[in-house]
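Colleague: Here's the letter readout for the chains.
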Amino acid sequence: MISNAISLLIAIPLLGAVISFFAGAKAKFVALIASLIPLALSLQMYMEFDKTSKIMQFVESYDWVPSIGVKYTLGVDGIGFPLVLLSTIVTVLVIIYSWGETKKPNQYFALLLLNEVGVLGVFTALDFFLFYIFWEIVLIPMYFLIGAWGGPRKDYAAIKFFIYTHVASLVMLLAIFALYFTYQMPDGSRTFDMLTLLAATADKTIFPTSLLNIIFAGLLLGFLVKMPAFPFHTWLPDAHVEAPTAGSVVLAALLLKMGGYGLFRVILPMLPSVDKAFVTIIAIIAVISIIYGAFMALAQKDIKKLVAYSSVSHMGFVMLGAVAFTWMSVTGAMFQQFSHGIITCVLFMSAGTIQHTVGTRVIADLGGLADRMPKFAVLMMAGFMASLGLPGMSGFVAEFMVLTGSFATLPVYTMIVVLLSIATTAAYHLWAMQKAMFGPILKKYMEVRDPHSYELFSMAMIIVLSLLFGLQPGLMTDMMGTAATQLMEPVMTLTQMGVI
Amino acid sequence: MEFSHYAPLWGEALLTILAVLIVLLGSLMKNSGKLMGYLSAAGLVAALGLVASNLTAKPALFFFDTISVDALSQFFKAVFLMVSLLVVIASLSKYTGKGADEYFALLLFATVGMMVVSSSVDIVTLFVGFELASLATYALAAFDRSKKNLEAAVKYFIFGSVASAFMLFGFSLLYGMAGSTKLADIAAASLANFGPATLVALLFVIVGFGFKMALVPFHMWAPDTYEGAPPLVSALLAAGSKKMGFAAAFRVILIALVALRMEWYLAFAILAALTMTLGNLAACWQNNVRRILAYSSIAQAGYIAIGFVVVGAAYGAAPVNVLNLGPLRADQLGIAGALLLILGHALMKTGAFIGTALVASNVAKGSESDPDDISNYAGLAKRAPITAFCMLIFMFALAGIPPTAGFVGKFVLFSSAIYSGLVWLAVLAILNSALSLVYYLRIISYMYLKESTGPKMVEQKGYVVALVLALIGVVGIGVFPEQFINWALQAAAVLLPQ
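Which chain is which? The protein sequence lines are A and B, in order. Quick note, in our numbering, the first sequence goes up one by one and the last residue is 500. Quick note, in our numbering, the second sequence goes up one by one and the last residue is 498.
So that you can see chain A by itself, here it is in the shape it has in the complex (with noise of 0.2 angstroms):
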């Protein structure tokens, strides 16, 4: 057992970071080493991970400002740790397919690694202090790398992402505020601890339904604009199409899963406390959040933009599992936050590669680039099926767990999206694809060839990896339906809430 090994994990990219930001044209060996090195001691996490345990596991817990009741608390469960691993391959990858970037490379990584500490900070905190610090910090290389590498309206893309998820984050801590001005100790003391606080908002005598309700708001509107949820997505589809890939694949793959690991995390401990027209409402704008998406893609000239509303329809399931409060659902819906961080990097690398090696991202100047660079078309295809829902990959078990756990309890919501969503959702991606890389090859691409062996190495390896949690899927949901499990204890379904 590695002592302290959440700490390491945050602390070696954050040194990293510093190391690249010196390290010149070199940077990219410190930033491939420095993340290396968290993906093997989260893979050796991973082997010492006891799946069946509902306590929280490798917990550090230090005083940080005992006056106001501070402390740094890191630890993880089955909530925590798929989107810890999630976010040490995903940096790793996404590292290893920008292995070319020569605008102010050092930079460049030391932001990618910036990030990790944020991300990761995020997803093991259980300090709401610690909590707020870090999902604050996410925000500053994500700003930096938009608005530095971005496209041509990238400053605008840039403020617009901060000022969104900065005013949400703060109606957030307003409510995290709200928690801790309420709830005393018994020994009269304060505290932030996350799970303290998550466990005292059952108690009645503290938490008037009316308080909380408001309480419940805040921290719920932090969440979905982070996810993002329609009507608060717009944010998204401006900062992904100015973002460059590196930063588009974060965005989509770690930085999104903040939102959906707060709803596990925060939200739903709290649903049963709540007024029950919450459980209607997010499962209307789940709803909403998928068809629209899906609708949106299938609109959509750029494919960039097509990928980016496809994050939205995707994130939707996620809303919905959890609201349907059973087992299958929520373990469903945290396997399609892990699924949808992996296959969406494929996507945009494969919108950002045909950027790069053809010039244009817009569907209707593509065509039959499958002639040319036969190896990429290969992985994009896998990526787009994996994306809609092939058997055999990652993504169509989450999006069936999630179906059909919701179906138990939201079934008309649920008929709602099978007969809105999935035949749209395979359209978009087919008709993309088709468009942009089959029929005859146009002229003017006959020089195209396949990108660099690193981008597509990075690629091929998502592809396996949804491959693996298609046939395996228990390798993570073991520990999500834990996790899940233990979200249910306090009230088996929303017919014991009273809500159906």
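Take these hints with a grain of salt, some might be off.
[To be verified] Residues of chain B placed beyond 10 angstroms of chain A at every Cβ, according to the derived structure: (1) N31; (2) E151; (3) L191; (4) L449; (5) E482.
[As the list claims (entries may be wrong)] No more than 30 angstroms apart at the CA atoms, straight line, and that leaves these computed lysine-lysine pairs for BS3-like: (6) B:K450 x A:K28; (7) B:K58 x B:K182; (8) A:K104 x B:K58; (9) B:K456 x A:K104; (10) B:K450 x A:K104; (11) A:K103 x B:K382; (12) A:K375 x A:K26; (13) B:K58 x A:K160; (14) A:K160 x B:K450; (15) A:K26 x B:K450; (16) A:K28 x B:K456; (17) A:K104 x B:K182; (18) A:K375 x A:K301; (19) A:K160 x A:K103; (20) B:K382 x A:K26; (21) B:K182 x A:K28; (22) A:K103 x A:K26; (23) A:K103 x B:K450; (24) B:K98 x B:K456.
Rather than coming from a laboratory, the hints here were simulated on the basis of the structure. C-beta: ideal position from N, C-alpha, C; glycine also.
Following the hints, put chain B in place on chain A, whose structure we already have.
Modeller: Frame of chain A; chain B shown alone:
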């Protein structure tokens, strides 16, 4: 009476003697600017050491009970000495030639004035200290003798004099009512003879201090002065002499006029809400970095003024378990929060203004363009990496992002507002903090995202040392706030004894 009896005041004595000595030496020796700078820095370090060795002094009275040395006075003295020290260190790279002796002497006199104000428990002593600091800074504001300097100094002088007049008139009414100039006597008298005269006195005092603290609507002078004065002097004005207004207002309003708290409670609630909101809004539309900083410092004054509102709302309230500090009174927490914000803001603002000074010193002399225009900050990360990085942290700290000093102060202060039932004010303040990020981010995006337009800048040693010291302070308080919170609470207890 022994010499050692006055040990707690040796710092003031040392700086006064040093200031006189510098004027004398300066007239005898040619080109001694550098030496004078180092002498001043050494004197300030020594004075800071003396204050630091006696941080939580047991209250002791001197000079016929007009000067008090206590935890509160030591807190403010430490703040003023730090600000002056940072400004002097930065000035070592700028004021080296002719006239440097006058500059450093004036700076030391201003510091002594501020120190006297922070110790005064008598309105006449307080006024004398105030004028000593003000007169010295009026001269400093015009020190580079450019047209802009003169305009700034005249504006500052006129508004400052009017403010002093208001203050003095208020003081005269207080004296007439109480028959004494001591704050303790005035407090007793205002409790006994509450009447229209006391109210008028309160009004004049609030207006007078309102100008000094630059609360909206008494703030108009601040942006023009901070923009026009030499940049390093702006640092002293915004971080030092403005905080002196708070030092004085805390004593006069919270001790002498506490009987009228129902009256000033409402006034300060309105002033605080107006000041932070208008300050932040106005800052969004500025293109001159020093004006942005000026409006941001107005907004910060609005936050700090929440301290008064909290005291008004929760004066003498029974102790409750506040945060994890044990049983505490919300009003004490409010003052402690205001003090922490004063400390943090002094460091961040000094640092930020020193940063602008460095940029301005690199903009070609005689160029028509405004040296503080935000366009000069484009690509600063490349052109002056250390300055840009320090400025980045100062901007985040000013916005109140953890873990910085700005966050600690705001957290304690806004918590106290919540504890005293002023949830609306706390929410407004937090929303304002979010709004402020808009203009701080604008400066950051110029520094880090815009392509650089000019050559690499020279980062003079003095400026860099001062910037880094301020940075260490800002981050240090943010990461290890424990000691500072306790210190501020002890200082607050002086104003609001059990």
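Colleague: Next step is simple, just say for each hint if it's right about the structure.
Modeller: Cross-check of the supplied hints:
1. N31: Answer for N31 (chain B): holds, closest chain A Cβ roughly 40 angstroms.
2. E151: holds, 34 angstroms
3. L191: The claim stands: L191 (chain B) keeps its Cβ more than 10 angstroms from every Cβ of chain A (closest is about 33 angstroms).
4. L449: violated, 4 angstroms
5. E482: Incorrect as stated: the minimum Cβ-Cβ distance to chain A is 6 angstroms, not above 10 angstroms.
6. B:K450 x A:K28: holds, 24 angstroms
7. B:K58 x B:K182: holds, 20 angstroms
8. A:K104 x B:K58: violated, 56 angstroms
9. B:K456 x A:K104: Holds, at roughly 17 angstroms.
10. B:K450 x A:K104: Given that 30 angstroms is the threshold and the Cα spacing comes to 14 angstroms, the pair holds.
11. A:K103 x B:K382: Holds, at about 14 angstroms.
12. A:K375 x A:K26: holds, 29 angstroms
13. B:K58 x A:K160: violated, 53 angstroms
14. A:K160 x B:K450: holds, 17 angstroms
15. A:K26 x B:K450: Distance ~25 angstroms between K26 (chain A) and K450 (chain B) Cα, so the pair holds.
16. A:K28 x B:K456: Measuring from Cα to Cα gives roughly 26 angstroms; hence the hint holds.
17. A:K104 x B:K182: violated, 64 angstroms
18. A:K375 x A:K301: holds, 24 angstroms
19. A:K160 x A:K103: holds, 23 angstroms
20. B:K382 x A:K26: holds, 19 angstroms
21. B:K182 x A:K28: violated, 68 angstroms
22. A:K103 x A:K26: Holds: K103 (chain A) and K26 (chain A) sit about 13 angstroms apart, inside 30 angstroms.
23. A:K103 x B:K450: holds, 14 angstroms
24. B:K98 x B:K456: Within the cut-off at roughly 28 angstroms; holds.
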